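Asks: Quick note on numbering: the sequence shown equals residues 398 to 503 in this note's numbering.
Hints are computed from structural coordinates only; laboratory data are not their basis.
Bear in mind the structure is a predicted one, so any value in this text is a computation, not a measurement.
One should not assume that every hint holds.
What the hints assert, rightly or not - Calculated cross-link-like contacts (lysine-lysine; reagent style DSSO-like; alpha-carbon spacing at most 30 Å): (1) Lys429 - Lys462; (2) Lys433 - Lys473; (3) Lys479 - Lys461; (4) Lys463 - Lys429; (5) Lys433 - Lys459; (6) Lys473 - Lys419; (7) Lys419 - Lys404; (8) Lys462 - Lys415; (9) Lys429 - Lys419; (10) Lys473 - Lys462; (11) Lys429 - Lys473; (12) Lys462 - Lys420; (13) Lys404 - Lys429; (14) Lys429 - Lys459; (15) Lys404 - Lys420; (16) Lys479 - Lys404; (17) Lys433 - Lys420; (18) Lys419 - Lys461; (19) Lys461 - Lys404; (20) Lys473 - Lys461; (21) Lys463 - Lys420; (22) Lys473 - Lys404; (23) Lys479 - Lys459; (24) Lys404 - Lys415; (25) Lys463 - Lys479; (26) Lys433 - Lys463; (27) Lys473 - Lys415; (28) Lys433 - Lys415; (29) Lys479 - Lys433; (30) Lys459 - Lys404; (31) Lys462 - Lys479; (32) Lys420 - Lys473; (33) Lys462 - Lys404; (34) Lys429 - Lys415.
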Amino acid sequence: MTVRFDKEYLRELYEDGKCSDKKHRFQPEVIKAYAKCIFRIEEALSIENLYQYHSLNYEVLKGKKKGISSVRVNDKYRIEFKVSQSEEAEPVITICTILELTNHYK
């Protein structure tokens, strides 16, 4: 699949392993896991292929975040993204944001 980054810091984290924006700095293990998730998204032939990676915990969000999907980076972080598909080309995934989920399961 084709991955497009909505924000520059997300592209930098994936391609460079660091971010020039001090507001979006993460621990090295989070960046490594983030890059691994993006790689898995890129290598997937379709969005349904993400279900085979149980560690990603792929899900389509509901409520206020309807239309957004997410995968798990680790216990605290998720990648949220939008999926757009055209009939002629492969699916396109746009990475929206990475956020901290401190109380996700409470």
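Asks: Has the given pair, Lys429 with Lys415, been kept, meaning a C-alpha gap of at most 30 Å?
Replies: holds (10 Å)
Asks: Holds or violated: Lys462 and Lys415, Cα atoms, limit 30 Å.
Replies: With a Cα-Cα distance of about 28 Å, the restraint between Lys462 and Lys415 holds, given a limit of 30 Å.
Asks: Check the hint pairing Lys429 with Lys462 against an upper bound of 30 Å on the C-alpha distance.
Replies: Holds, at roughly 26 Å.
Asks: Does the alpha-carbon distance linking Lys462 and Lys404 stay inside the 30 Å limit?
Replies: holds (18 Å)
Asks: Check the hint pairing Lys404 with Lys415 against an upper bound of 30 Å on the C-alpha distance.
Replies: holds (14 Å)
Asks: When you check the alpha-carbon spacing of Lys404 and Lys420, does it fall within 30 Å?
Replies: holds (13 Å)
Asks: Would the pair Lys479 and Lys461 pass a check requiring their Cα atoms to be no farther apart than 30 Å?
Replies: holds (14 Å)
Asks: Taking only the CA atoms, is the gap from Lys473 to Lys404 under or equal to 30 Å?
Replies: At roughly 20 Å apart (the allowed maximum being 30 Å), Lys404 and Lys473 satisfy the hint.
Asks: For the pair supplied as a hint, Lys479 and Lys433, is the alpha-carbon distance within the 30 Å limit?
Replies: holds (18 Å)
Asks: Verify the proposed pairing of Lys479 with Lys459, using a straight-line Cα cut of 30 Å.
Replies: holds (13 Å)
Asks: Run the distance test for Lys420 versus Lys473: straight-line Cα separation, threshold 30 Å.
Replies: holds (17 Å)
Asks: Given the hint that Lys433 pairs with Lys415, test it: the Cα-Cα distance must not exceed 30 Å.
Replies: holds (14 Å)
When the structure is compared with the earlier hints, no violation turns up for any of them.
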